[in-house]
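Colleague: Please construct the entire structure, taking both the sequences and the accompanying hints into account.
Under this note's numbering, the first residue of the sequence shown is numbered 28, with each subsequent residue one higher.
Errors might be hidden in some of the hints.
Label pairs and their in silico Cβ distance ranges [unchecked claim]:
hint : residue 1 : residue 2 : range
1    : Asp33     : Arg70     : 19 to 25 Å
2    : Asp33     : Ala56     : 36 to 42 Å
3    : Gly58     : Asp33     : 35 to 41 Å
4    : Glu36     : Asp59     : 26 to 32 Å
5    : Gly34     : Gly58     : 32 to 38 Å
6    : Val62     : Gln37     : 17 to 23 Å
7    : Gly34     : Val62     : 21 to 27 Å
8    : Ser32     : Glu57     : 30 to 36 Å
9    : Asp33     : Gln65     : 15 to 21 Å
Derived from the structure by calculation, the hints contain no laboratory data. Please read all numbers here as calculations on a predicted model, not as lab measurements. For every residue, glycine included, the Cβ atom is placed at its ideal position computed from N, Cα and C.
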Amino acid sequence: MRIASDGGEQEVVLVASVPLTREEWVPLAEGDILVARQGRIQR
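Modeller: Below, the structure is given as structure tokens:
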């Protein structure tokens, strides 16, 4: 999936409840929380 922007490159996190493309998709377990900051997943 590509997202275009006139403002240059950006880091983004796309969150969905089902796969949107054939790219890697990792489901979260019920009750899990995902934290993203400035387009990057925090671990």
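Colleague: Now look at each hint and say whether the structure bears it out.
Modeller: Hint check:
{"no.": "1", "hint": "Asp33 <-> Arg70: 19 to 25 Å", "in the structure": "violated (31 Å)"}
{"no.": "2", "hint": "Asp33 <-> Ala56: 36 to 42 Å", "in the structure": "holds (38 Å)"}
{"no.": "3", "hint": "Gly58 <-> Asp33: 35 to 41 Å", "in the structure": "holds (39 Å)"}
{"no.": "4", "hint": "Glu36 <-> Asp59: 26 to 32 Å", "in the structure": "holds (29 Å)"}
{"no.": "5", "hint": "Gly34 <-> Gly58: 32 to 38 Å", "in the structure": "holds (36 Å)"}
{"no.": "6", "hint": "Val62 <-> Gln37: 17 to 23 Å", "in the structure": "holds (18 Å)"}
{"no.": "7", "hint": "Gly34 <-> Val62: 21 to 27 Å", "in the structure": "holds (24 Å)"}
{"no.": "8", "hint": "Ser32 <-> Glu57: 30 to 36 Å", "in the structure": "holds (34 Å)"}
{"no.": "9", "hint": "Asp33 <-> Gln65: 15 to 21 Å", "in the structure": "holds (19 Å)"}
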